[in-house]
Structures are given as structure tokens and as C-alpha cells.
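Listed in order, the protein sequences are those of chains A and B.
Be aware that the first sequence starts at 1, since it is given in this note's numbering, and climbs by one per residue.
Be aware that the second sequence starts at 1, since it is given in this note's numbering, and climbs by one per residue.
These aren't lab readings, by the way, just hints derived from the structure by calculation.
Hints should not be assumed to be uniformly reliable.
To be verified - Some chain B residues near chain A, calculated using beta-carbon distances under 10 Å:
no.	residue
1	Leu-28
2	Val-230
3	Pro-242
4	Val-246
5	Thr-281
6	Ala-314
C-beta: ideal position from N, C-alpha, C; glycine also.
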Amino acid sequence: MQTRYSFGGDEHIFVEVDEEMSLEAFFKSLSMTTAVREADIAGITEICPANASFQIKFDPDVIAPQVLMERLKGFEAAAESAEKTIETRIIEIPVLYDDPWTRETLMRFRERHQDPDATDLEYAARVNNYPDVASFIAAHAASPWFVSMVGFVAGLPFTYQLVEREKQIEVPKYLRPRTDTPRLTIGHGGCFGCIYSVRGAGGYQMFGVTPMPIYDPAGKISYLKELMIFRPGDILKFRPIEREEYDATVAAIEDGSFVPKIVPVTFSLDAFTADPAGTNAKLLEALNG
Amino acid sequence: MAERSFEVVKPGLATTVQDLGRPGYYHLGLPLSGAMDRFALIAANRLVGNADGAAGLEAVFLGPELRFSADALVAITGAELPPKLDGVEQPLWTAFAVKAGQVLSFAFLKGGARAYIAIAGGIDVPEVLGSRSTYALGALGGFEGRALKAGDVVPLGAPTGSGREGTSLPKEGRRPTQESGVEIRVVPGLYWHRITEDAQAGFFEDTWKVAPEADRIGYRFRGGKKLDFVPRQQPFGAGSDPSNIVDSCYPYGSIQVPGGTEPIVLHRDAVSGGGYFMIGTVISADMDLIGQLQPHQPVRFQSVTLDEALAARAVEKVRLAKLGELI
Chain A
1 MQTRYSFGGD
11 EHIFVEVDEE
21 MSLEAFFKSL
31 SMTTAVREAD
41 IAGITEICPA
51 NASFQIKFDP
61 DVIAPQVLME
71 RLKGFEAAAE
81 SAEKTIETRI
91 IEIPVLYDDP
101 WTRETLMRFR
111 ERHQDPDATD
121 LEYAARVNNY
131 PDVASFIAAH
141 AASPWFVSMV
151 GFVAGLPFTY
161 QLVEREKQIE
171 VPKYLRPRTD
181 TPRLTIGHGG
191 CFGCIYSVRG
201 AGGYQMFGVT
211 PMPIYDPAGK
221 ISYLKELMIF
231 RPGDILKFRP
241 IEREEYDATV
251 AAIEDGSFVP
261 KIVPVTFSLD
271 AFTADPAGTN
281 AKLLEALNG
Chain B
1 MAERSFEVVK
11 PGLATTVQDL
21 GRPGYYHLGL
31 PLSGAMDRFA
41 LIAANRLVGN
51 ADGAAGLEAV
61 FLGPELRFSA
71 DALVAITGAE
81 LPPKLDGVEQ
91 PLWTAFAVKA
101 GQVLSFAFLK
111 GGARAYIAIA
121 GGIDVPEVLG
131 SRSTYALGAL
141 GGFEGRALKA
151 GDVVPLGAPT
161 GSGREGTSLP
171 KEGRRPTQES
181 GVEIRVVPGL
191 YWHRITEDAQ
201 AGFFEDTWKV
211 APEADRIGYR
221 FRGGKKLDFV
231 PRQQPFGAGS
241 DPSNIVDSCY
251 PYGSIQVPGG
261 TEPIVLHRDA
271 VSGGGYFMIG
281 TVISADMDLI
291 GQLQPHQPVR
301 FQSVTLDEAL
311 AARAVEKVRL
321 AKLGELI
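Looking at chain A on its own, in the form it has when it is part of the complex (with noise of 0.2 Å):
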């Protein structure tokens, strides 16, 4: 793992953590931009983790860029011995699977996919040797999913899954970007998943629809009164849902009288790469006490 710095312009400095994705380097781009935050240099306007990286965008008239540099790489040291343990929250999201939404979508661009005859899930199964699709769906639920970055469009969360690096779902992005994607899609792509926050263009392959709203502008759902729910650290967990629960879901948020299943849990790398599934379990039974 080997830290690059790298000025954006005279606004932005770059710091990629490692060239490849793991959970050390996004514990590590965390401790980071959290000892930045606490840091509180004045200059300083913006501070966004990302997967295994982060940037800082400052003013240049109040902080030298050279200065705010050589302070940032002074964490680096720190946040390499630092305790890899986070307070953090669970969130439960339920799925509906193969939803007619996403399936409409993804016949309507097919000729922009790696294979035009079958569908994102029965493609993504196959790349990634499942014998079939309720296999492949199954693993997706099963084990539980950091935020390991919010952006790309307002309140959208990347996500990565809690298994070891062989037991990650890959799969390409589409040939071509799609330029209709349904709000609250479950999207994949690389080795990072997603839940499109809004209606939009996308490259991710498809596999299902949450009838739960992640980001509300107008402020209205009564869970999203700050506009949206994910931070990077949160951990989410998949629950697959059938169309009947997925209807009485979006009435229940319509009504108000959904509220999201959140429980505080804390995570600890080392306990994690120490025994994944054991580590998975107690998270689980956390959520479900």
C-alpha cells in the first residue's frame, strides 16, 4: 500500500491511499480525513472520503498549498498505527429482487451489455459461478456491506461488501452507460455496489429495487429529514422482500409510519479479518437481536 499525493488545481489536493480496493485502505483514508477533520485547519472547506482515497478542497488564499501538503502527510504515520475500530450503525435495506423496474430498464438498453440474451443477475451469476440466480441473490443478502463512499449524485452510497477478496461479486460496468436508470436501483460495478439515489444515467449492472427513499430534497419522508440517510463508515445489510412486503413498504413510507431498522454496532478490523464470518454474525444478530 503506498500513499500518492497529488494537487487537483490550486483548490483540491489528492490523496490515493492504494491503487486497489481493500478494507485497510478505506480504514485507513477514514483515519485520515477524520484526524483531518479534528484538525480543524483553518482553509479547509471541504473533506470527502472515497473507497481507498480521499480529497481536500481549500482555499489557497488563507492555507499555502505546500503547507496544508506537508500537514496532511504528517497523518499518515498515525492513521497507519491507528486503532482500526469504528462506531458506526447497521441499516437494514429490503429488496425486491428481479423487480419488474429494473428488468424493464435493463430490456430497453440490452444492446449496451456484455450479454444482450440474458439478464444483469443471470450474467452477474454466472462471472461469478453461481449456479444459478437465487444462489447468487442469496450471497448478495447474506453477508453485510460497508459505505465506503456517498457521492457521485446526492446521498448515493458505494458499497463493499463484508467477505474475504475471493468471495467478492465482480462484474464490468455496461459497455455503454445507460441513460435511464429507476430511482432506488441496487446497482453493481467493479467490486463496489451501489443503491442509485435518484432517477439518472448509470453504468452499474441492475439486480433489484429498494422500496425504501435514501435521499428526500423536498424533506418530507420522516426519516430523511436531513435530506439523506448514508455516511461513509455506516454498514448496510440486504434483506430480500417479496412484491407484496415491497408494496405495503412504500405505503407504509407514503403514511409515514415506516421507520428504517438502525442499530448502533461497532466494527473492528482486526476482529473482522481475524474471523469474517463470526464477526458477520454478531453484526447480524445486532440487527436482529
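We have chain A; now place chain B onto it with these hints.
Same frame as chain A, now just chain B:
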């Protein structure tokens, strides 16, 4: 109808409410937004006696038609989009009085891309997260989170009274729109090492043209040579195309080149991150300039150092300071 307001008779192409933006939420995917040509909005605001950060309208390519409910003081800056009051042409970069019931419209665009319409008192839509700017992709801020439509009644704030009819910014204080010879200065960096030396040189030698896909999110360019990549085994999680990286943040002004073919410069409504490598970043001093580029316009990118970027930034600060002396 609100006491002080205007009614949208014709909306133009994509007319939005913008101020100087909404900093502080980029880590959640909410971009800065705000005027693409910040200098032009500030100048328009000063001409009518508003604070620099008052909300005005940004009209792109085609002006709107607006009927005022009350007397108002108005100034138009930025693109050469000649304003008309009840059909009578009015000067640009100059405060002019509008009477209740009069209609502000525009002739065809003569240069540049985005005109700024400041009205004394500013546009009084609610602030969302500290700004009145429209972020249309996220349906946030501005007038109902979207571009204006015919029939909208847009509320105006109370004027400070310090604006004077006929106040004009002399020519030397304006930034003229350019048709040819546009150079955009870039600090190479980020994932610059991913392309070959020949590709690095070619990027700055070639003439590029603004593609039709140019909006508040980003400006796309085409016409230059395809960039060749330094061969490598793709890192885990990055995706299989050589232009893919493990999804990272995108700086404002960063230049991503999906597939190595068409560079995209992210602007005020930038997507905050994604999986395409970037070859560098447009300097802050040249961001306004991009907002005034028209499709098919030829441009060249010029490589500069960070120190040169800071010097150019200082020049822009002088330009702003001069506004104070001239208005």
C-alpha cells in the same frame, strides 16, 4: 401573485436560480452549484446594489421572457444576450429600470453561453443548506429544485435601495467573450501518469472542440487524438477498462477521459466521484471561462504549474477588486 415577483412567460432553454453556491456537502454527493460564471453574477449583483451572493438567474443560450409585478432595477452580464424591455433593446453590463407590468425578453445570443440576470433585492426562493442555487440533478434548491417553466411566479426580495439606474461597468472592467483562441489552463496531476508521454504531449498540442454534451455538470470535448495508456494489470476493484480506477472523488475542474477518447471537465454541478481516471484539473481562474463556451467552439488546453495557477488566481482577485472601484 407575490407582492414583488416576476412571472415566467417563456422559460428559455434552461434558466435556473443561482447564487455563489452551497459549499460543505460535496462529501455527501451534493455539489457546490451556483453561477458557472461567478464573476458575471457578482458584477450583475453589484450593478443593481445587491450583495455579491444574492440569487439571480442564469440563462443559457436562449433568454427567458419575464413579466414584472412591480418596479425593479435589473442588470444583465456575462454572455452577449441583448436584453429588451417591451421590445426596446437595453444595454448589457448596465442597470436599467423596469416598470411594473413590463416584459423583459432577449434577442438572439451574439457571444458566450450564459447570461446573468440580477434584480435589485435578489430572487427570494427559500435557502436550502445555506444557498438558493438550483441543483437540478438532485431536485434541490432554486425554484422547486428545477429550471423555470412558463407560468412560474418567482418571488423577489426587498431592494437595499443602493442601486442606481444607468450604473454601468466600463468595458475595461468586463471580461469579453471569446470566439477563437480560447486557452484553458490545466495543472497536470491526479492520474496523469496513466497515459504515455506521447499522449501527454498530444493532449496539450491538439485543438479540441466543445461537444454538444456540455452542461452545468460538465463540459465534454472532442476532436483530439485518443490518449494511449501505460499498460498495467488493473488494480482490484477498478474495473477492466484501462481508463477505470477504484472509484474516487472528482475535484471541480478535473478532466476525466473515459476510454481515453473525450475529455470531460467537471463544473459547478459536478458528480462528486466515480470510476474514471483524471489527467489534471482546470485552474480556478479559468472555470468561469468554461461556462461561456459554446458547442463546437475550438479550445486548447495549456499546461501550467501550481505556482502559475496561483498567480492567475491573484489576477482574478484584482479583477474583482477593480469591480469595486468601477461600479
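- chain A contact restraint for Thr-281 (chain B) - C-beta distance below 10 Å: holds, 3 Å
- Query: Quick one, is the Pro-242 (chain B) hint okay against chain A at 10 Å, beta carbons?
  - Reply: violated, 13 Å
- Item | chain A contact restraint for Val-246 (chain B) - C-beta distance below 10 Å | holds, 5 Å
- Task: Please verify that hint: Leu-28 (chain B), Cβ, nearest Cβ of chain A, below 10 Å or not.
- Result: holds, 5 Å
- Query: Hint check: is the beta carbon of Ala-314 (chain B) less than 10 Å from a beta carbon of chain A?
  - Reply: Ala-314 (chain B) check passes; min Cβ-Cβ to chain A is 9 Å, inside 10 Å.
- Query: Do the numbers back the hint for Val-230 (chain B), that is, is its least Cβ distance to chain A under 10 Å?
  - Reply: violated, 13 Å
Violation of the numbered hints given earlier is confined to hints 2 and 3; the remaining hints are satisfied by the structure.
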